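Please assemble the complex out of the two chains, which come individually in their own frames, going by the hints.
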Amino acid sequence: MTTLTSDRVEADLDPAAFMAQAEAAGWGDGLPLIPPTEERVREHVDASGRPPDDVVAVLETVATRFTVEKIAVNAVMAGTRPATMPLLCAAIEAMTDPSQELSGLNATTAPVVSALFVNGPIRHRLHVPFAGGCFGGEAGPGPAIGRALRLVMRNVAGQRIGTTSESVFGQPARVTGIVVGEFEERSPWAPLAERRGVPGDAVTAYAAMGTANILDMVAATGADVLEVIGKSVAYLGTNAFVPQAVLAEVAIAINPTWAMEIVGRDFPDIRDVQELIWRHASLPVGWFPAHFHPDLEEWGRIKPDGRVHLVSSPEDVIVFVCGGNGGLHATFMQCFSGTLAATRSVRSPA
Amino acid sequence: MSKGIVLDPTVGGAKSSLSNDRPHASFGLGSLRGRVLGIRGDELWRSWDWVVNEWRSALESEGARVVFWRSAGNRAGKEAERVDRELQAFLDEVDVVVSGLANCGSCTMWTVHDALAGADRGMPAVAVATEQFRGLAQALTARGGHPDLPLQILPYPLETQDEPDVRVVARSAYADLLGTLGVAR
Chain W
1 MTTLTSDRVE ADLDPAAFMA QAEAAGWGDG LPLIPPTEER VREHVDASGR
51 PPDDVVAVLE TVATRFTVEK IAVNAVMAGT RPATMPLLCA AIEAMTDPSQ
101 ELSGLNATTA PVVSALFVNG PIRHRLHVPF AGGCFGGEAG PGPAIGRALR
151 LVMRNVAGQR IGTTSESVFG QPARVTGIVV GEFEERSPWA PLAERRGVPG
201 DAVTAYAAMG TANILDMVAA TGADVLEVIG KSVAYLGTNA FVPQAVLAEV
251 AIAINPTWAM EIVGRDFPDI RDVQELIWRH ASLPVGWFPA HFHPDLEEWG
301 RIKPDGRVHL VSSPEDVIVF VCGGNGGLHA TFMQCFSGTL AATRSVRSPA
Chain Y
1001 MSKGIVLDPT VGGAKSSLSN DRPHASFGLG SLRGRVLGIR GDELWRSWDW
1051 VVNEWRSALE SEGARVVFWR SAGNRAGKEA ERVDRELQAF LDEVDVVVSG
1101 LANCGSCTMW TVHDALAGAD RGMPAVAVAT EQFRGLAQAL TARGGHPDLP
1151 LQILPYPLET QDEPDVRVVA RSAYADLLGT LGVAR
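Chains as they are written, first to last, in my numbering: chain W, 1 to 350; chain Y, 1001 to 1185.
The following block holds chain Y by itself, in its conformation from the complex (with noise of 0.2 angstroms):
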């Protein structure tokens, strides 16, 4: 049996040396009045756009302004610099980010990288997934610094239920939703 010095394989997976980490804004955001909240959509799942249906309206009624983007699945070469600029533009006109869905492994990926892009900028950021895919979505937020970015969970699996029943997991999700954001009712 011989003793011996190796090296580590490893790098730290935290994201200290490439940004920032900032921390996110306060979500105590209080009322939704004058707010502008922007939601990420995808183009994969109808079950997020059931679910963006249902609670674009509901904050809507609390008095925010509601800015839909809906992220290419196709985030590769010239298409990336593409939505990558949308990003971007969504961002701007937004003061607040619900970034949906982490439903699958890479579009988990995508959720949490919009998700902090908008805590990056030190905006109150939600990603939202479904419950299959909670861990992955909470390394990832870890990986990229925010390890507190919160996740709002959705049941899974969800793209296999029926609209109607889709949009009750979305009105019974409200209230939560709201409790992330800080929203007092």
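The shape of chain W in the complex, shown without the other chains (with noise of 0.2 angstroms):
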């Protein structure tokens, strides 16, 4: 039998009674907790297809290692499936890949969280969301998933607010993440994951500052609808455009109607899309206030047509399709400056 070697507490299962000690444990996130059993835990270990002490991830810079064991126990409290073992793992896998600079988002006081974007088969074995409301509101799984996750940032990465995080607003996905698949079926292009080198099965991880919608009622080609992308990503006051900020990306959900309708119709080549929201993406450097004058010019911001773009290439705006399919919107995620979303394969049990 799985032997697991998490300190055993007393613990009154009742509902109530079981929150109110893990609140007062300094375990929970203020929602009501599943209690921990041991026979919970070894379900979910079980399902990872993993050994208990199995170090998925260790974070250096912090001193933190995740194991299976730690994964499942805040997963059960959390309200997840044992199903998602192997999706959570692979999500810390890649949210603490170097360049998602973890353990500064978690210190930081910026609002920021590492959003889940699945891709592959997985999203229909779990229900992930990836259509109508699919960044909330669907009744799906997608907020315990996201859930056991910053439950893991709580009880293993430390993440606490007034100790180890200065986040000075947070944001409500601090408590239930965002977790959202990609809406294949309704994409004219490769999945997101694929088009960054993981096929099937796989989970990106994205600092993520809030998300935020894009309206356009009347837009009728892609050029239009990318336009108004690209133009209303860029704005002053967002990470990407901190002179010092030259790692930085910018992740847009493209509604499927647009997709399929518009956009895939006029730009049947991602990398088109990429480019012309990355054109919109950017301001005049007369539009800054004169105090960032300065740093723009010393760190190269400013490009010979006097336009200072929000991130550095093409390649870093980040587009996948998801949502209902009554079009109108795009959800966009400004980034925490200095990551670069992160992807790994989501490895089912043997």
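In case anyone wonders, no lab produced these hints; they're calculated from the structure. No experiment lies behind these values; they were computed from the predicted model shown. Even for Gly, the Cβ is constructed at its ideal location relative to N, Cα and C. Treat each hint with caution, since some may be false.
[As the list claims (entries may be wrong)] Pair by pair, the computed Cβ-Cβ distance ranges are: (1) Y:Arg1085 x W:Asp295: 20 to 26 angstroms; (2) Y:Arg1134 x W:Gly133: 52 to 58 angstroms; (3) Y:Ala1184 x W:Glu315: 53 to 59 angstroms.
So, in structure tokens, the structure goes:
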């Protein structure tokens, strides 16, 4: 039988009583928790296909090891199903990739959270939301999966407001995470993870400052849509416009109607989509207040045409398809500058 | 009401399983003459540049050779590897580290990280933080296995102050810095 090594704690398993005890112990996030009994944790560990002491990732900067067992304990508390364990482990691998700079994300004053974009058949097996209401509102497992990872951040990586996190405002996704699939069946382009070199079941971690909506009710061409998207994501106060932010990305979710009927029709090559958004996602240097100018010049952010681009190159524009068929909207997520997205394969249990 | 046993979801926050927990060197430097003192800067805080400028002159007048290294704010992917190589080269060159500036969440993490990198080598290391980020810096030094790593605290907010005022702050904090380093005057 699998040996679990976590400390055993006597608890009252009544939901309200357990929540009170867990909150007192500093384990919780303010929402009800499922008691992580040995039986439940063991079921999650077994579903991972890995031994409980398997180290999924190490975050050297804050000396943290993420083991399968600790991920499982937190996953139980968050209310995920055991079958999510391979995805959770892959997500931790992606989130701890050095390109994500997770220790900085956890400490920062910013409201950033690791958003997870899921590709492959696993979306269907786990019912990861990718259609209408996918970023929140669909009664699916997305919030529980996201919450499991947020609890891992609290209880394993030690991210706690006022102690190891200086987040000034935070955001709701610091509790429930952001977990969406790509609507691959309604996309004219290859899946995001495949474009990033990881075909099949995969998860991409992206340091998101939250979600924001873009609306266009009249655009009829791909160029129109992409101009609106590009100009909408380029606003002054975003991290990527900090002059020193030479590493930055922007993630954009395009609804399947726009993707299939308008943008994909006019731009079947995703690189053209990225290029056009990148071109529009810029501001004239004169738009920046004077105190920005010396640093913009020092950091080479001003292009010969006098514009400052949100991100360095079209490759830094991350585009994927999800959402309902009602069209009209895109969702974008500004990044926490100094980080880059990371993609990992989701390994199915043997 | 039913009693049962649950598993603890947390891990110990200490670095015990990942480091040797070596104590940092004694800070009784006595004199700075002949010492190579490394100051770690960053790309974000002009106020820290002004403080460093003040301290550098004063430290050099005490007989120290001061080496300045400016850490990049972008420490992800290949850029992180490059910055880490720079950090190691910086540490190779110095025998005392003053690392700043912990003046935001992620910069506190990296300021402490780079100070700890010096402490892990056994050299005297000080992290410089503004008052707002003292608690985070303390939590991170403890988590990094060096709960006694000294912090030099500067007032907050610092970045919004004019240069002359920041220079006054730097000069008034200089004696504390020498005290932390154990420099006799």
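### 20 to 26 angstroms as the expected CB spacing between Asp295 of chain W and Arg1085 of chain Y, which holds or is violated
25 angstroms, holds
### Task
Could you say whether the range 52 to 58 angstroms given as a hint is met by the Cβ separation of Arg1134 of chain Y and Gly133 of chain W?
Violated: the Cβ-Cβ distance is about 43 angstroms, outside 52 to 58 angstroms.
### Query
Taking the CB of Ala1184 of chain Y and the CB of Glu315 of chain W, does the distance hold inside 53 to 59 angstroms?
Holds, at about 56 angstroms.
Consistency with the previously given hints fails for number 2 only.
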